[in-house]
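S.K.: Sequence order for the protein chains is A and B.
Residues 3 to 184, numbered by my numbering, are exactly what the first sequence covers, in order.
Residues 295 to 389, numbered by my numbering, are exactly what the second sequence covers, in order.
No lab work stands behind these hints, which were simulated from the structure alone.
Certain hints may be false.
Straight line, CA to CA, 25 Å or less: simulated BS3-like cross-link-like pairs of lysine-lysine [as the list claims (entries may be wrong)]:
#, chain 1, residue 1, chain 2, residue 2
1, A, K59, A, K42
2, B, K380, A, K51
3, A, K59, B, K380
Single-letter residue listing:
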Amino acid sequence: MPSLIEKTACDGLLPVTEAGMTLSECVPLRITSVAPLAGKDRAFGAALKAMGLGWPKPGQSLANGEAKTVWSGRDQAFLIGVTPDGLDDLAAMTDQSDGWARMRLEGPGTEAVLARLVPLDLRATAFPVGSAARTGLNHMMMVLCRTEDAAFEIMVFRSMAASAVHELHHAMKAIAARTAAL
Amino acid sequence: MRINCPLCGTRDRREFTYYGDAVYANRPAEGAPIEAWDDYLHLRDNPAGETRDLWYHELGCSAWIEVTRNTVTHEISATRLLTDRKKPAKRGKKT
Chain A
3 MPSLIEKTAC DGLLPVTEAG MTLSECVPLR ITSVAPLAGK DRAFGAALKA MGLGWPKPGQ
63 SLANGEAKTV WSGRDQAFLI GVTPDGLDDL AAMTDQSDGW ARMRLEGPGT EAVLARLVPL
123 DLRATAFPVG SAARTGLNHM MMVLCRTEDA AFEIMVFRSM AASAVHELHH AMKAIAARTA
183 AL
Chain B
295 MRINCPLCGT RDRREFTYYG DAVYANRPAE GAPIEAWDDY LHLRDNPAGE TRDLWYHELG
355 CSAWIEVTRN TVTHEISATR LLTDRKKPAK RGKKT
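Given the sequences, and given the hints that come with them, work out the whole structure.
M.R.: Printed below as a string of structure tokens:
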């Protein structure tokens with residue numbers, strides 16, 4: 003067996019900081035795609051409730067500490083930061099932990115940075131804490147969550163980690179330059 | 295242009311991929327006559343007025359959406375999930 007080096011998706015790329023804004027990689031957590039089996043919606047929702055979470059509505063993310071559920075499509079969600087023991091009879095599950103790059107963008111001006119790349123209204127009034135969206139980060143598919151007033155969590159396919167960091171860092175530098183010039 | 299995804303809400307057109315006339319979803323039954331397949335594959339109406347299309351929310355929630363729009367006024371009058379097709383069309387947000 004060759005000796006392989008274990009690396010996170012954004013290894014060597016992050017963190018980057020510009021004008022008080024920081025883009026960093028999230029601590030790697032278990033990511034499971036979950037879809038309730040036919041007729042098991044309620045039982046599965048109850049099982050998630052027992053974890054202090056719950057089944058998210060479209061556009062919603064429910065968090066309990068590091069653990070959370072994120073709506074990801076029709077009858078489908080991501081379960082993050084939880085080992086899904088005892089759920090086999092309730093939902094179809096796929097371990098996608100290694101398939102995603104999870105990043106955190108925080109600091110003043112993050113809305114302006116994302117406004118350059120995301121075709122959504124991300125102001126706190128339209129996209130408050132606990133909101134989740136599947137949308138585009140420029141040309142990439144993305145799962146976006148607002149975790150705090152001035153912090154977003156960004157998930158892109160792992161293969162696109164470098165492109166996502168490039169796009170976000172470029173927008174961060176542009177916003178930082180504008181702020182400095184004003 | 296914005297399209298109302300029944301799940302995600304009103305989203306930018308760039309998030310969607312156009313597939314074609316909604317009759318694509320009406321696949322002929324197994325053993326259907328060759329004329330039915332010819333019609334299904336090749337023949338389309340070209341209405342001046344209301345028409346229905348299939349759109350895929352590719353850069354969003356991956357839902358297939360049936361969009362009712364008017365080819366004369368460009369108004370989108372309704373959208374619904376393709377899975378909801380047997381129910382009556384819900385009036386969508388006007389764009």
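S.K.: Any hints this thing doesn't respect? Which numbers, in order?
M.R.: 2
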